[in-house]
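Let the hints inform the model, and build the full structure from the sequences given.
Given next are the chains, with one letter for each unit.
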Amino acid sequence: MIRDIKKVKDAARMTAEVSTASSRLTVHFTRLLLLACLLVLPMAVNAEEKGAEPASVAAASALAAPDAPAAEAAVEAAVELAPEAAAVPEEPQKVDPVLNTGDTAWMLVCAALVLFMVPGLALFYGGMVRQKNVLSTMMHSFVAMGIVGVQWAVLGYSLAFGSDLGLGMVGDFSKVMLKGLISFEDGVPVYALFQNVGTNPSAVPEYVFAMFQGMFAIITVALISGALAERIKFSAYCLFVLLWTTLVYDPLAHWVWMGEGWLFKMGALDFAGGAVVHLSSGISSLVVLYFLGKRHGFPTERMAPHSLPLTLLGVGVLWFGWFGFNAGSAIAGANTPDAAGGLAALAFTTTTIAPAAAGLTWMFAEWIHAGKPSALGFGSGVVAGLVVITPAAGFVQPGAAIIMGIIGGLACYMGIMLKAKLKYDDSLDAFGVHGIGGTVGALLTGVFATVGATGLLSGNGGQFVTQVIAVVAVAAYAVVVTLVIAFILDKTIGLRVEKDDEIRGLDQTQHSESAYN
Amino acid sequence: MKLIEAIIKPFKLDEVKDALNEIGIEGITVSEVKGYGRQKGHTELYRGAEYVVDFIPKVKIEIAVADELVAKAVATIEETAKTGRIGDGKIFILPLEEAVRIRTGEKGDEAI
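Chains A and B, in that order, are what the protein sequence lines are. The opening residue of the first sequence carries number 1 in my numbering; numbering runs sequentially from there. The opening residue of the second sequence carries number 518 in my numbering; numbering runs sequentially from there.
If you're looking for bench data, these hints aren't it; they were derived computationally from the structure. Where is the CB? At the ideal position from N, CA and C, for every residue including glycine. Heads up, some of the hints might be wrong.
To be verified - Quick list of the computed label-pair ranges, beta carbon to beta carbon:
| # | chain 1 | residue 1 | chain 2 | residue 2 | range |
| --- | --- | --- | --- | --- | --- |
| 1 | B | Ile608 | A | Pro299 | 38 to 44 angstroms |
| 2 | A | Arg302 | B | Ile608 | 28 to 34 angstroms |
| 3 | B | Pro574 | A | Asp500 | 50 to 56 angstroms |
| 4 | B | Lys557 | A | Gly293 | 45 to 51 angstroms |
| 5 | B | Glu585 | A | Pro299 | 53 to 59 angstroms |
| 6 | A | Ser514 | B | Ala588 | 45 to 51 angstroms |
| 7 | A | Asp500 | B | Glu561 | 24 to 30 angstroms |
| 8 | B | Asp535 | A | His369 | 40 to 46 angstroms |
| 9 | B | Glu567 | A | Cys238 | 44 to 50 angstroms |
| 10 | A | Asp500 | B | Ser548 | 27 to 33 angstroms |
| 11 | A | Gly293 | B | Ser548 | 52 to 58 angstroms |
| 12 | A | Leu483 | B | Gly554 | 37 to 43 angstroms |
Okay, structure coming up:
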């Protein structure tokens, strides 16, 4: 296999030499060869991994009891809460949680990293709109920090991670106002601990877990704003953020990440939120678009990005923050007592590799298809790769991460080209990147999973079916509920600004400011 | 007196300015402008959305010169702003009726 690659590379080198003398055709051929190398390489890598795999899979499955201990199950207030709120199926030696300071330190950083993705997203989106709408677009991300920041403490955390209200659909109100996360014993504060594996004492304060999860809720709803930019009324957007997070995100997080959630019990894999975060926000943005309509002047008027440097800076910040998003999600990994351990390292690794491969893929695809490798294209590819690897980050090995990056980059590129043909106005491609990328990632997780779970390629076809069920269920729920929310908002306060206001720009008409003075 | 207006490629501005300085032209006014001639615009592509950019950024230089310097000034601009490729720009020469230096009240050739 390696020899084959060398041959291909030699061929590429020779072709390159010839092409200097000859025509553009040869240049194109060289590009194709480059792409071929890109495709061949990871397959080789994956083939290499296969040899070593059976042992590790065996080891993993020896550990992995059919229903992994519920991620949330062992949360206990060290004081007077009943010892087992929800019992772990097999509990040979269940132990009391003990605070792990290393994990705690790491998770505090991870939560902050995920929050940092929100200004990253604001830059990413802000650069892509016209000059007259940059502040309003950035505000869409920032105000989500405000609204969801409060909503999560008051209600959201309880709906997502409170005890199940029944059927694994939604949490109860037991953790409203983050109740029970702190208590007092003789006036001394005692902090509730989040223990991922009941048989291992390692734990972090539940406050840390709650805030880490809260940051996910913030970024998720902010992702939708990319589709609505440059024409949505700010008041309508604020209400949408509140309603969507409460009625769509919180239940979905419960389904997939809570030990009692129905998709979790079914065994659906979603490491850091391919379905819960990206698919749900991407598909919901399409639904709101249906009510919101196209921007005035679309697609004839020039709507080019006003500052791609902002956008590229945003890509960098997003990637940086995404390490907290994906590697931090090891906190709830199956049979993983250590948040800052090997699983986090694996997720960190795949989160480096997949976006890199996806950025290159998009770049080469555009180079071949449209003639030039654009900066926006590379940046978009990186984000597509981040989205695709999100559900798989801790389940796949590096070879699979490269392949997922390539497939994700191509899928999102084609999705966006299709959008350009269909002429629906997803301003900043919230669906094209997050909807398509999230779906592809969630499905491919069921194909490539080898760590702590097995996928189609390891002979577990059932996992793929489970992933399909999860994708369909999450998409269907998000579509229906978003349909209702958008319909009500449209019929009551109206989703869209007046035409005159849209032409003058949302910065002036919604916020009485302008970005550049 | 004449007013010379030259539309040139932005990156040629410094070269033209230095050359004009050397032949004794003491003041110039510069503005950033956009437009097109026979060169027309170019296309830009953002995620599959193609836009034709009609107006290309150029620099407009205005200088007021005494009659005897006009030919030399025009030749200097022509020489330094030239790349030989499409889009090098144009030079317009307009009659100038009067000039006044605001600080001193000097008029005509004295004022420029």
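Return the numbers of the hints above that this structure violates; sort them in rising order.
-> Structure breaks hints 3, 4, 9, 11 and 12.
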